[in-house]
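Generate the whole structure from the sequences, applying the supplied hints.
Protein chains: 2
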Amino acid sequence: MFKQFNEAGIHFYASRNNLSTKRGNVFYNPMMIVNRDFSVAIINALTTLNNKRMRILDLMAASGVRALRFSKSCVFEELVVNDVSKECVSVIKRNFKLNKIKNKRIKFCNESANNLLLRSSTFDYIQVDPFENIHKFLDLSLRKLKNNGILALTTTDTASLSGTYPKTCLRRYSSLPFKYDFKHEFGIRILVKDLQRLASKQDSFLEPLLCYHYKHHYGLFLRKVHSKRRANESFKNHKYLIYCKKCLNARITNSIFNSEKCPVCGSKLDFFGRFYTGSLWDRRVLSLMLENFKSKEAEFSRESFKLLSLIYEESSVETPYTINTHLIAKKYSLKPCSVNLLVESLKKDGFKASRTHFNNYSIRTNASVADIVRIMKEC
Amino acid sequence: MFKQFNEAGIHFYASRNNLSTKRGNVFYNPMMIVNRDFSVAIINALTTLNNKRMRILDLMAASGVRALRFSKSCVFEELVVNDVSKECVSVIKRNFKLNKIKNKRIKFCNESANNLLLRSSTFDYIQVDPFENIHKFLDLSLRKLKNNGILALTTTDTASLSGTYPKTCLRRYSSLPFKYDFKHEFGIRILVKDLQRLASKQDSFLEPLLCYHYKHHYGLFLRKVHSKRRANESFKNHKYLIYCKKCLNARITNSIFNSEKCPVCGSKLDFFGRFYTGSLWDRRVLSLMLENFKSKEAEFSRESFKLLSLIYEESSVETPYTINTHLIAKKYSLKPCSVNLLVESLKKDGFKASRTHFNNYSIRTNASVADIVRIMKEC
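Each protein sequence line maps, in turn, to chains W and Y. Using the numbering used here, the letters of the first sequence map in sequence onto residues 30 to 408. Using the numbering used here, the letters of the second sequence map in sequence onto residues 30 to 408.
One or more hints might be untrue.
Note: identical chains are not told apart, hence a pair may lie in one copy or across any two.
Only pairs whose alpha carbons sit at most 20 Å apart, straight line, appear in this in silico EDC-like list of lysine to aspartate or glutamate [what the hints assert, rightly or not]: (1) Lys257 <-> Asp186; (2) Lys122 <-> Glu107; (3) Lys173 <-> Glu140; (4) Lys244 <-> Asp186; (5) Lys196 <-> Asp232; (6) Lys257 <-> Glu161; (7) Lys196 <-> Glu262; (8) Lys32 <-> Glu373; (9) Lys274 <-> Glu347.
FYI, nobody ran anything at the bench for these hints, they're computed from the structure.
This is the structure:
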């Protein structure tokens, strides 16, 4: 029934059928190594930054692989490892023994997520990796975060958020999704908006430190700041996207007084959102994480390092959407040109520009579609 | 320290300083008799309608006066009477003894609201009367409602919702409040929108049965319907209000493509919302409640009956806002005319029209401002 796996040098057991989410199964998804790498690095980065050990909760620990990695690579005030499944908790304990980890700062719990949250005092870091609808655990998770505490969330509900199921997106996240060019970034930004609105009901603000899309999931690391003022201000960054499917021009707006005609090509416009238009990344935290990756190479995957480096690169450009160069080439009957070349040309022209981890063929830039077309013609 | 009070023929104790919300105090607000009358009548109405006894939870019971009234006037499957305060629960038990109520269907609990909700099975009716921010208890209250169960909610946060504190309204309810003519109705509609959006995250729809404003509070009775389809559809009723402060014309819209100029007078427009634009009332339930009031006159206050009758009257007109006739008179330099007379004249002219419980000088009608002005000139 169980099988031994290895991640970042740690051996541990999970169900042989490790990707089944069946009740009683001990789930382990090797693809989530990226998220676990990031969570280890962000805990190390923030522990350094704040010069303070964290009280950490892994709410749905499954095989305990993440908690094992925290135990090996991080220092902390306390680490609470919880799973609602008895089978999981027994495997978690076995895995800690297997790795000879004995640490009085680590506690194992076998409770439903909300039960544990309700009876616990507050944490500096809560990891929420639900199989199901995330909303069931969010209200209490947020309430049980200290000021400046981190909500670490993964979701595989990418199909709803990126527009495959627009009704589901509206129902779950109160926003109209965008199913065109930069749909996954838009999905993450809808989710951030929704989480910030939940936090604002608790007089708090959620500040994105690191949000990304990788394969089947979105990963978010958000800092809770207890501040009515910042909660109030967050609404200024919850805007609509007005998009022209014909000429690909995008515009963001906070108003409901807009023209239905594209100012560039005159076509009828569509609107989407609201979505979060601020930054998805804290460059200081990313840079500390990258240092952590470099100094402890053996404890992280190469893939995660590459991904984080690219995210660091694109975090220098503030535009809250990207532009797909292939789409531009197609719409404007141009020869597609190398993304790297285009980025360099845009920079030479005085624009901000970068590649993006969301799509190999897209760029993040403050240049207009017209400027991009002009430069692509010269490439 | 305690004093005996009387409500609807029931004697009970509460703190002598009964309106203080200090910790340990046993709170009793005589003005809330209207809400308690409505809650008794709606339980009786729905028990008749569904031909099924309810499982009822009074989450913050304070002196227990509401639970005492349920015990005297309603039949039920079970009544759980809870308060987080030990002092309250001891007074509640004393009050039940005082009234010689012995009923195996009644259970007393002394737990924090969320603790009780989390460990309980589902209810047909949950009464939530928080002193503080309502949001702390809503997520679990909704989850612990059966299909077709009733969320009964009171809030005194009327100042935020009706536009005195617009930033607070935005932060707590994610909508821009309206501080002009029909500000309290708009406040209730913002709250309904917010609650429906919370419910939709749980694949449920909240259908208003009775919503009202009375003195210092808003009271809402909403039926939870477990239906993704109805949750999806609810978003069609969450719209913006476009309002002309100059000529008083109001328009509702779901789009962000609108002209900033008033089509009637050309002035610059403002927008507010989103707000719920469907009905606040279920006429079948209201009519059963009125029957209940009539058949058991001694158990209800005259004030509540008058209020409910007026609400029943206005529920026949579907316009989701009202018009203040004094404001019209002032803006258009007319002599104010009797609201009753104006309602009759509008009806004779083929319009729908009614008085409204929200304001003695306002009417609910499908007539335009121009029509009202014309008819007021003739009055």
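Going through the hints against the structure:
1. In this assembly of identical chains, Lys257 and Asp186 lie within 20 Å of each other by CA distance solely across copies; the values are 16 Å between and 30 Å within a copy.
2. Only within a single protomer do Lys122 and Glu107 lie at most 20 Å apart by alpha-carbon distance; the minimum there is 16 Å, versus 42 Å between protomers.
3. With identical chains, the CA atoms of Lys173 and Glu140 are at most 20 Å apart both within one copy (16 Å) and between copies (19 Å).
4. For the homomeric pair Lys244 and Asp186, the shortest alpha-carbon distance inside one copy (12 Å) is at most 20 Å, but the shortest distance between copies (44 Å) is not.
5. Within a single copy, Lys196 and Asp232 get their C-alpha atoms only as close as 29 Å, which misses the 20 Å cut-off; across copies the closest is 11 Å, which meets it.
6. In the homo-oligomer, the alpha carbons of Lys257 and Glu161 lie at most 20 Å apart only across protomers (16 Å), although the nearest pairing inside one protomer, at 30 Å, exceeds that limit.
7. For a Cα distance limit of 20 Å, the shortest separation of Lys196 from Glu262 across copies, 9 Å, qualifies, whereas the shortest one inside one copy, 28 Å, does not.
8. In this homomeric assembly, Lys32 and Glu373 never come within 20 Å of each other (Cα to Cα): the closest approach is 48 Å inside a single copy and 80 Å across copies.
9. With identical chains, the CA atoms of Lys274 and Glu347 are never at most 20 Å apart, being 23 Å at best within one copy and 38 Å at best between copies.
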